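**Student:** Sequence:
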Amino acid sequence: MAIRPILHHPDPRLRIKAKPVVTFDTALHRLIDDMFDTMYDAPGIGLAANQIGVDLRVAVMDLADGDTRPMVLINPEITDSTDRKVMEEGCLSVPGALDKVERFNHLHLKALDRDGTPFELDAEGLLAQAIQHEIDHLDGKLYIDYLSSLKRERILKKLKKAEKMAE
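So the sequence shown is numbered by this note's numbering: it starts at 1 and just counts up by one.
Take these hints with a grain of salt, some might be off.
[As the list claims (entries may be wrong)] Straight-line distance between alpha carbons at most 27 Å, and here's what the computed BS3-like set of lysine-lysine pairs gives:
#1 141 / 100
#2 110 / 85
#3 151 / 17
#4 164 / 141
#5 100 / 151
#6 110 / 151
#7 160 / 17
#8 151 / 141
#9 85 / 164
#10 17 / 85
#11 85 / 141
#12 85 / 161
#13 151 / 164
#14 157 / 17
Calculated from the structure, these hints are not laboratory results.
Bear in mind the structure is a predicted one, so any value in this text is a computation, not a measurement.
Let the sequences and hints guide you as you build the complete structure.
**Tutor:** See below:
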């Protein structure tokens, strides 16, 4: 298990639609373990494989809320969604920036677990938000894509300034 570097916007790998997982083996299990280690180290509540440069439809999440256990989502698909709500959101690939994004507050998910076993899940609130956020990553989208151009530019300027200060 290892902590891997998290890609930051504007890395072009964040904009690539990830490929479905077809092989469930020790390499996939190692990737999932590394993703959890990386997410906890960041710290964050979710991480998609393409955020660490791996072009596979894998996401991990842990809301650490006492109600849900750590989750692995492989080839996830939202099959139903209702009740839009504006929620504050941030991202490990857009560090230090938070803004409000409209998301579905309820959804139904189909996915595979780390062993390839299919499962379905009804999610609401923060869990529904996190699932949508991670699936967006797997589709090459970032939460800032949902913001107005003015808000997006403000965040991008903030990121560039932080990057220059870090040099």
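**Student:** Flag every earlier hint the structure violates by its number, smallest first.
**Tutor:** Violated hints (numbers, rising): 6, 9 and 12; every other hint is consistent with the structure.
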